[in-house]
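As given, the protein sequences belong to chains G and S, one line each in that order.
Each residue of the first sequence is one higher than the one before, starting from 1 at the first, in our numbering.
Each residue of the second sequence is one higher than the one before, starting from 1001 at the first, in our numbering.
Please keep in mind that the hints were generated in silico from the structure rather than gathered at the bench.
Backbone N, C-alpha and C fix where the C-beta goes; we use that ideal spot for every residue, glycine too.
Among these hints, one or two may not hold up.
Here are the computed lysine to aspartate or glutamate pairs in the DMTMM-like style, where the Cα-Cα straight-line distance is at most 25 Å [claimed, not checked]:
#, chain 1, residue 1, chain 2, residue 2
1, S, LYS1005, G, GLU47
2, S, LYS1194, G, GLU155
3, G, LYS194, S, GLU1059
4, G, LYS179, S, ASP1170
5, G, LYS112, S, GLU1203
6, G, LYS85, G, GLU143
7, G, LYS194, S, GLU1203
8, S, LYS1194, G, GLU33
9, G, LYS205, S, GLU1135
10, G, LYS144, S, GLU1203
11, G, LYS194, S, ASP1163
Partner residues aside, some chain S positions facing chain G, computed with beta carbon under 10 Å [to be verified]:
#, residue
12, ARG1051
13, PHE1054
14, PHE1121
15, GLY1150
16, LEU1153
17, LYS1157
18, GLY1160
19, SER1180
20, ILE1182
21, TYR1200
2 protein chains.
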Amino acid sequence: MSRKKGRLYVISGPSGTGKGTVCAELLKDIGNEFSVSMTTREPREGEVDGREYFFVTHEIFRDNIEAGNFLEYATVFDNYYGTPKDMVLSRLERGRNVILDIDVQGGLQVKKAMPDAVLIFILPPSLAELRCRLEGRGTETPEKIERRLGQALNEIKLIGEYDYYIVNNDREEAAALAKSIIAAESARVPEAVKPIIREYENESKGN
Amino acid sequence: MSRKKGRLYVISGPSGTGKGTVCAELLKDIGNEFSVSMTTREPREGEVDGREYFFVTHEIFRDNIEAGNFLEYATVFDNYYGTPKDMVLSRLERGRNVILDIDVQGGLQVKKAMPDAVLIFILPPSLAELRCRLEGRGTETPEKIERRLGQALNEIKLIGEYDYYIVNNDREEAAALAKSIIAAESARVPEAVKPIIREYENESKGN
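My request is simple: use the sequences and hints to build the entire structure.
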């Protein structure tokens, strides 16, 4: 079977649903890689340029926006964050899957730019459970928790744009299901099946 | 999350590719069931009507064809074999997945009758390996093996009509991939996502 190009997977879901854990599990497979994002925010202690992020100036970031170099980008507290297209494409060409841990708005931008990206939505078992998890963090004010829950519901309303959903009742089960989705996607009969048929035909002809 | 209807899975592939083993593995999961076919052939020793097959006369079979009661049917050596639609539908309604082990022509008939059936094609690693397996059976004449290989290639040419393909290099891996496909399919965001969104909305409104 010919070597395949990788696929792009977007993992999204409201804050607190555990998508970070799911992504971390997926990245244990050497066939899956993260993509390094670009940002205008200052590097924190221990962060290395090109590893956690590409740290650039606002000017450089805006030049990249104008040049259409991002699959998606967003501003958070006066700083830009974006996914450079070339970083993703080069990994896909090398046959690696790329895992993007981004929010729903970013996911929809990616789907527009790359329609064959696979979008996976991580859902909390319920909003009550999500509230529980956010409160458990102990770092958020009650107002912030309410805002996050409202935001969660707004994100969930966009689930129809996604390809798959995983209800995260249990970390391991959720990660296993994400792995199954990736396995299944790589077993899809491609639009261009001719290469598959040709291999058997050539063999039949004794080539 | 609301209880889901089951899905229909068609497993096809040339004789000797090991699709029987894959099906047997899938049926170990209680969420998956076989469907009992109808046939006009005589029951063999130990076969029970309604378990291995529904054994009927040619007349009854033809009545069922005319009434449009089959998802697919075929004739093999003067006998009819078919998949009764109601047997499949009742299992799907009960939330079970139905696994059909049928040939490619049958698979295409099923897809026409039920477009949301999921078609999985089991491929041999190569035609040489398929020949090896057929010869290993020790039951087939060289002419019959040649005919089967020719038939295999003709079936493979129809792979474009299938949704997924599994190259059966290893039984366990092939069965695991089939299970992943079923898991992924049940994690697909349905066309009608409103029930999913509504559950979280109702919870948010305190209903």
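Please verify whether LYS194/G and GLU1203/S have alpha carbons no more than 25 Å apart. violated, 49 Å
Are the Cα atoms of LYS85/G and GLU143/G separated by 25 Å or less? Given that 25 Å is the threshold and the Cα spacing comes to 36 Å, the pair is violated.
Interface hint compliance - LEU1153/S to chain G, C-beta minimum distance less than 10 Å: holds, 5 Å
Restraint satisfaction for ARG1051/S [CB to CB of chain G, less than 10 Å]: violated, 32 Å
Residue hint LYS1157/S, partner chain G, criterion CB-CB below 10 Å: With a closest approach of 6 Å, the LYS1157/S hint holds.
Given the hint that LYS144/G pairs with GLU1203/S, test it: the Cα-Cα distance must not exceed 25 Å. Judged against 25 Å, a Cα distance of about 19 Å means the pair holds.
Under 10 Å is the threshold here; is the Cβ of GLY1160/S close enough to any Cβ of chain G for the hint to stand? Given a least distance of 4 Å, the restraint on GLY1160/S holds.
Quick one, are LYS194/G and ASP1163/S close enough, alpha carbons at most 25 Å? With Cα atoms ~15 Å apart, LYS194/G and ASP1163/S stay inside 25 Å; holds.
Chain G contact restraint for PHE1121/S - C-beta distance below 10 Å: Because about 7 Å separates PHE1121/S from the closest Cβ in chain G, which is inside the 10 Å limit, the hint holds.
Does the alpha-carbon distance linking LYS112/G and GLU1203/S stay inside the 25 Å limit? This hinted pair is violated, its Cα atoms lying about 31 Å apart.
Does PHE1054/S pass the interface check with chain G, least Cβ-Cβ distance below 10 Å? Because about 32 Å separates PHE1054/S from the closest Cβ in chain G, which is outside the 10 Å limit, the hint is violated.
Hey, LYS205/G versus GLU1135/S, does the alpha-carbon distance stay inside 25 Å? Within the cut-off at roughly 20 Å; holds.
The structure fails to meet hints 1, 3, 5, 6, 7, 8, 12 and 13 from the earlier list, while all remaining hints are met.
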